[in-house]
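Chain A is fixed; fit chains B, C and D onto it per the hints.
Protein chains in written order, with UniProt numbering: chain A, 1 to 206; chain B, 1 to 206; chain C, 1 to 206; chain D, 1 to 206.
Keep in mind that the hints were calculated from the coordinates and are not lab data. Misleading hints may appear alongside valid ones.
[To be verified] Facing chain B, according to a computed beta carbon distance under 10 Å, are these residues of chain C, among others:
# : residue
1 : V127
2 : P182
3 : G190
4 : C197
Beta carbons: idealized from backbone N, C-alpha and C, even for Gly.
Protein chains: 4
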Amino acid sequence: MSESMTDFARATQEILLAGQRMDARGWVPATAGNISRRLPDGRIAITRSGCHKGFLKAEDVITVNGGGIAHRPGDKPSAETLLHCQIYQQDPTAGAVLHGHSVASTVLSMIEKSPALHLADYEVQKVFEGQTTHEASVPVPLFENDQDIARLAQKVTPFFGTMPAGYIIRGHGVYVWGKDMPTALARLEGLEFLLACLLERRKLGQ
Amino acid sequence: MSESMTDFARATQEILLAGQRMDARGWVPATAGNISRRLPDGRIAITRSGCHKGFLKAEDVITVNGGGIAHRPGDKPSAETLLHCQIYQQDPTAGAVLHGHSVASTVLSMIEKSPALHLADYEVQKVFEGQTTHEASVPVPLFENDQDIARLAQKVTPFFGTMPAGYIIRGHGVYVWGKDMPTALARLEGLEFLLACLLERRKLGQ
Amino acid sequence: MSESMTDFARATQEILLAGQRMDARGWVPATAGNISRRLPDGRIAITRSGCHKGFLKAEDVITVNGGGIAHRPGDKPSAETLLHCQIYQQDPTAGAVLHGHSVASTVLSMIEKSPALHLADYEVQKVFEGQTTHEASVPVPLFENDQDIARLAQKVTPFFGTMPAGYIIRGHGVYVWGKDMPTALARLEGLEFLLACLLERRKLGQ
Amino acid sequence: MSESMTDFARATQEILLAGQRMDARGWVPATAGNISRRLPDGRIAITRSGCHKGFLKAEDVITVNGGGIAHRPGDKPSAETLLHCQIYQQDPTAGAVLHGHSVASTVLSMIEKSPALHLADYEVQKVFEGQTTHEASVPVPLFENDQDIARLAQKVTPFFGTMPAGYIIRGHGVYVWGKDMPTALARLEGLEFLLACLLERRKLGQ
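Bound conformation, chain A alone (with noise of 0.2 Å):
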């Protein structure tokens, strides 16, 4: 990207970009996912509400503040903004946050009774924050979907710190994050590609 570009210019282009590989994985079906990007003024740049994240254009990114409320008037973010800036709060490396639906993390997160999905000896789980061995167990907190986003983040906030492959609302999504949008992007490949194992693992009995 050129120099010249503006920080938001290229938090944009970056989410356009986000947005086109997760479609073509398959995880932003309809209008589903949000993604967002931390600027160096402490500004947002998210997803505007209802756009299919596949075929964003630039006028689909608008920025919020730290407590979700757009900067100009008439921008609607989605109400899942709040989870975005929850993240950003908590975790001052964070620069970049994705939140997609699989069906892979839609389906294991319906059928897993437990409050959490566990990730262990696969190399591919090194691509998380601060693991260096497949011999660990990372969890993955399962939280009960709510349509009142205010009352999930704070069932949310006391995680923070323990779950470096990001967290899954129930027969909803993932939410992965990291210092940067390839950080971010690499996590959510890996956790995907993860939970596709996991869920052939269960077909196969285990």
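Only chains B, C and D this time, still in chain A's reference frame:
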């Protein structure tokens, strides 16, 4: 699209792109499926019989009247054109109709013996008409396939107003619609995503 | 295609595009599969032995006579060229033949011990020669694989005229044909779609 | 490629295209996998540690010597570079090595407790070194994953010459090689296709 395009040219372009999208997802194998758009003057633009929906050319889109009769002598609409006409007649808000054949809809409709599939507890079901929460159950009616399309249409008639996610013909495929093409496509993607989830859950004994 | 293209150049172009399509669907892994087209003068244009069907170049298409002998000394046809020649000989209407290897055809042909798979109650089966309703059962014969292609061909001979959807060699793949390339491709897509449905149904105990 | 390209530039181009191909198939999630090419002068061109294999740039390819030491100070090879070097040392005909992580190889290697998977009766197995018929059984050894790559390599050493389809590290992925990049890619596609078949057959109780 350019301001000066005719309504028919616009509709044709939308239909071609929708066909390519459905093909990329594997929902229009062989010459299966059909796609239509209601024009402001009441005519219906619809795919010609027998062509592949992933490789449509402009001349593969024809117009029919509300009774499914082609305006231009020699144009051959598919037999299923009547199901499109029925949707436009029954739902005055419908502006686009999509009919696709996916593995998930085909298989689920053949193994489920009750008269409907039920979608419940999924966030994505909010994409369907009038849905605001995952805490609902959306029925998707299943109709027996019939080569006599008029007779098939009669069985569908009583269900209008009660099938926000569209309907499925057993061993055949889905019918989904919306006020415009992006809405219809988003609903189709939502429905196919949820059917894929349902199929995976059945494999796991649910 | 331009009026002035030779028949061979036209056939080559159709074969290259068919290879790319089959590769995009995952039906020609490694150097598997082969593709041919009968020319108006009776020559058969067919893919050379050993090349990847998703990355064919014009020089990867050669011509053979009805007995499978290359017209140009040094051109090496694949051993399976004889199966293409057999189809053109047995079915005078055949203009294009496709041979692909899919996961579904490979797996189903290895687990089904009876001499045929049966496709019934699917709308898509209307894409096959002479089928006008889903209320029929289309048999797809299964032949044992054999590195002696002439011996394999002999076992196929008696079935011509009774296999509208083509046939399958166990652990190997499908043979499908049609009057021209679009027809052959549509039948291949139809067959693979239905085999994918069959495989899913088997997982569900059907 | 142009005559005047250096061997390293040619190898880099082949590695970038191989990465895009593996990514399109879903075999290099996150920053997983690595790809190398032996140059005529004995140097090994290999992907740098930590980058996404689907989005490689020329500067992501570095050169190492036969012991895995980077020629340019500051270039950081991945720890698994040693496994590539081992293959080039043990098999003088090897010109390209591919390491990918697929769902099928990961899942099968974790559920199979015996020391190898066996591929038998598949036509596609003829793509592997020295195979001329489907009537053979090709073993694919399974090794325990180990973050100590030198120790892992020692366990692989005795198997060279007896693994025509490559090998698998449990919960980690496959290593496949060939005399040049197209051969290595064809073998990788062949192996992944057969592992996908094996996984489907296990779901059906075989």
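Now the hints, each set against the structure:
no., hint, verdict
1, V127, "holds, 4 Å"
2, P182, "holds, 7 Å"
3, G190, "holds, 4 Å"
4, C197, "holds, 5 Å"
The structure fails none of the hints (numbered hints given earlier).
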